[in-house]
Amino acid sequence: MNPITQVSALVSPPVSTGRSDSGNIVNKEEFLQLLVAQLQRQDPLNPQDPAEFTSQLAQFSSLEQLINVNSSIASLANMQGMTAMVSAANFIGQNATVVGDALTVSEGKSSRVAFQMARDSVSTHMNVYDSSGALVAVVDLGARAAGENGFDWDGRLANGESLRDGNYRFEITAMDANNLLIDVLPMFEGRVDGISFDRGQVLLEINGRRIPMSELIRVGAAAAQPSSN
158 MNPITQVSAL VSPPVSTGRS DSGNIVNKEE FLQLLVAQLQ RQDPLNPQDP AEFTSQLAQF
218 SSLEQLINVN SSIASLANMQ GMTAMVSAAN FIGQNATVVG DALTVSEGKS SRVAFQMARD
278 SVSTHMNVYD SSGALVAVVD LGARAAGENG FDWDGRLANG ESLRDGNYRF EITAMDANNL
338 LIDVLPMFEG RVDGISFDRG QVLLEINGRR IPMSELIRVG AAAAQPSSN
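Using our numbering, the letters of the sequence shown map in sequence onto residues 158 to 386.
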């Protein structure tokens with residue numbers, strides 16, 4: 158292997174703007190320094206083939222372009238993240254509806270539950286599970302119309318006691334007139350208390366939980382059909 162080829166062998170994808178932990182990937186400045194050092198130490202009586210040297214320079218140029226592209230993409234991603242954060246900040250203090258099956262009980266009352274059904278139901282139930290997955294409550298919601306439905310549960314169990322405060326999960330099961338299961342999209346509502354940014358996505362803090370903004374249905378007054386049990 159000739160000296161220039163040895164330098165080229167140090168550079169392999171993915172492109173990095175700094176040295177990796179293994180030390181096998183160099184940045185563009187290190188690549189150029191090694192290239193010059195190898196040229197200074199080559200045998201004058203057996204110089205590098207100009208065509209191959211030109212090829213090595215082309216590789217360096219490609220390396221620099223890729224690094225610049227990566228840098229531009231990273232900058233764009235950061236700008237998009239900041240823009241999303243600024244937009245999400247306007248949601249703080251407002252009521253939000255998001256996709257999910259989270260249910261929070263505080264002071265004996267649960268957070269508002271919402272769900273969408275593909276068609277009318279003749280029988281609808283809400284099953285409530287604790288953090289261990291154990292079923293702790295079954296609430297009869299009766300017949301429901303297709304579309305979006307809302308439900309305010311008082312947190313009371315069949316024995317009259319209130320479910321203790323904490324985080325739970327709910328599941329809606331609905332049957333139609335033909336005794337067939339209906340597809341249901343679970344949602345829940347709550348006030349946006351804050352926002353955060355993690356791993357490239359904006360998170361909304363609702364009912365003590367961090368929800369990706371991609372799960373947001375709407376922000377504002379609840380539009381689901383009011384109901385209580």
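Calculated from the structure, these hints are not laboratory results.
Please note: incorrect hints may appear among the correct ones.
Listed below are the simulated DMTMM-like cross-link pairs for lysine to aspartate or glutamate, each with C-alpha atoms no more than 20 Å apart in a straight line [as the list claims (entries may be wrong)]:
id, residue 1, residue 2
1, K266, D355
2, K266, D297
3, K266, D309
4, K266, E318
5, K266, D350
6, K266, D287
7, K266, D311
8, K266, E328
Cβ-Cβ distance ranges computed for the label pairs, FRET-style [stated by the list, open to error]:
id, residue 1, residue 2, range
9, V279, V376, 29 to 35 Å
10, R367, A334, 37 to 43 Å
11, D311, E372, 24 to 30 Å
12, S319, N247, 34 to 40 Å
13, E187, L342, 32 to 38 Å
14, A334, I249, 17 to 23 Å
15, A246, E187, 17 to 23 Å
16, V193, S244, 32 to 38 Å
17, R366, M332, 35 to 41 Å
18, Y286, G351, 31 to 37 Å
19, D333, E362, 20 to 26 Å
20, N316, G357, 18 to 24 Å
21, G377, D287, 39 to 45 Å
22, G317, V376, 16 to 22 Å
Built from N, CA and C at the ideal position, the CB exists for glycine as well.
Taking the Cβ atom of A246 and the Cβ atom of E187, is their distance within the range 17 to 23 Å?
For E187 against A246, whose Cβ atoms are near 41 Å apart, the range 17 to 23 Å is violated.
Evaluate the given range 35 to 41 Å for the C-beta pair formed by R366 and M332.
Because 30 Å falls outside the window, the suggested range is violated.
Holds or violated: the 32 to 38 Å window for the beta-carbon distance between V193 and S244?
Distance hint for V193, S244 is violated at roughly 48 Å.
Assessment of proposed distance window 29 to 35 Å (beta carbons of V279, V376)
holds (33 Å)
Outcome for the supplied range 39 to 45 Å, where the beta carbon pair is G377 and D287:
violated (31 Å)
Satisfaction of hint between D309 and K266, Cα-Cα up to 20 Å:
holds (9 Å)
Does the structure keep K266 and D297 at a Cα separation of 20 Å or less?
Answer holds: K266 to D297 is near 17 Å, not above 20 Å.
Is 16 to 22 Å a correct range for the gap between the Cβ atoms of G317 and V376?
With Cβ atoms ~36 Å apart, the hint is violated.
Quick one, are K266 and D311 close enough, alpha carbons at most 20 Å?
Roughly 5 Å between the alpha carbons, so the hint for K266 and D311 holds.
Does the Cβ distance between A334 and I249 fall inside 17 to 23 Å?
violated (44 Å)
Starting from K266, check that the Cα of E328 is at most 20 Å away, please.
holds (18 Å)
CB-CB spacing for E362 and D333 relative to the 20 to 26 Å hint:
For E362 against D333, whose Cβ atoms are near 37 Å apart, the range 20 to 26 Å is violated.
When held up to the earlier numbered hints, the structure conflicts with 1, 13, 14, 15, 16, 17, 18, 19, 20, 21 and 22 and fits the remainder.
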